[in-house]
Amino acid sequence: MNKKKWVILDRDGTIIEEKNYLRRPEQVALLPGAAEGLRLLCERGYVLTVVTNQSGVGRGYFTMDDVDRVHCRLTELLAERGITLQGIYVCPHRADQRCACRKPAVGLISRASADCGLDGDDIAAVIGDKESDMQFGKNLASPVILLMSGYGREERARGVSADFYAEDLLQAACWLLERQK
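Okay, so the sequence shown: first residue is 2 according to my numbering, each after it adds one.
Misleading hints may appear alongside valid ones.
[Unchecked claim] Taking lysine-lysine pairs in the DSS-like style, the calculated list, with each CA pair at most 25 Å apart, reads: (1) 6 with 139; (2) 5 with 182; (3) 182 with 139; (4) 6 with 182; (5) 5 with 139.
Simulated from the structure, these hints should not be mistaken for laboratory data.
Sequences are here, hints too, so could you generate the full structure?
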């Protein structure tokens with residue numbers, strides 16, 4: 002039986018352009034290399050999910066309906082390019098609410114795991130642009146890839162460590178595929 006390969010991605014600054022407190026679907030724009038990298042992973046049989054902190058909900062800047070509309074647009078843009086996400090999992094809480102689902106906590110993984118029929122041993126990598134993404138991956142005992150998009154350059158300059166530093170999702174995908182040989 003072939004083992005499934007699971008890649009967990011951040012959303013803002015990883016797949017789409019970082020826009021503080023994004024709430025409007027028409028503002029969703031894929032980052033350069035994102036579609037190419039994700040399509041390559043899909044073609045090689047990887048299961049892709051997104052885990053994202055959206056504290057703008059907890060702060061009252063926008064609603065979960067706004068988040069859902071943004072995710073519908075993201076899903077459409079990816080589908081147009083032959084890419085399917087198996088799920089998008091959202092923490093709507095502020096950092097000071099100390100919930101179990103806000104990255105770097107791993108609370109959303111049990112739901113994602115159940116929905117996708119995967120477990121922690123299936124995780125090939127966690128990819129993101131922030132320290133919280135890297136710590137999230139480390140908390141899952143997963144390899145972590147820090148993208149230089151979004152906040153990635155600033156985070157690397159601050160000394161945030163990762164298993165690999167990639168300019169974009171295409172470079173991250175190529176590294177991951179090479180590593181999985």
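*Any hints from earlier that this structure breaks? Give me their numbers in increasing order, please.*
Every hint satisfied by this model.
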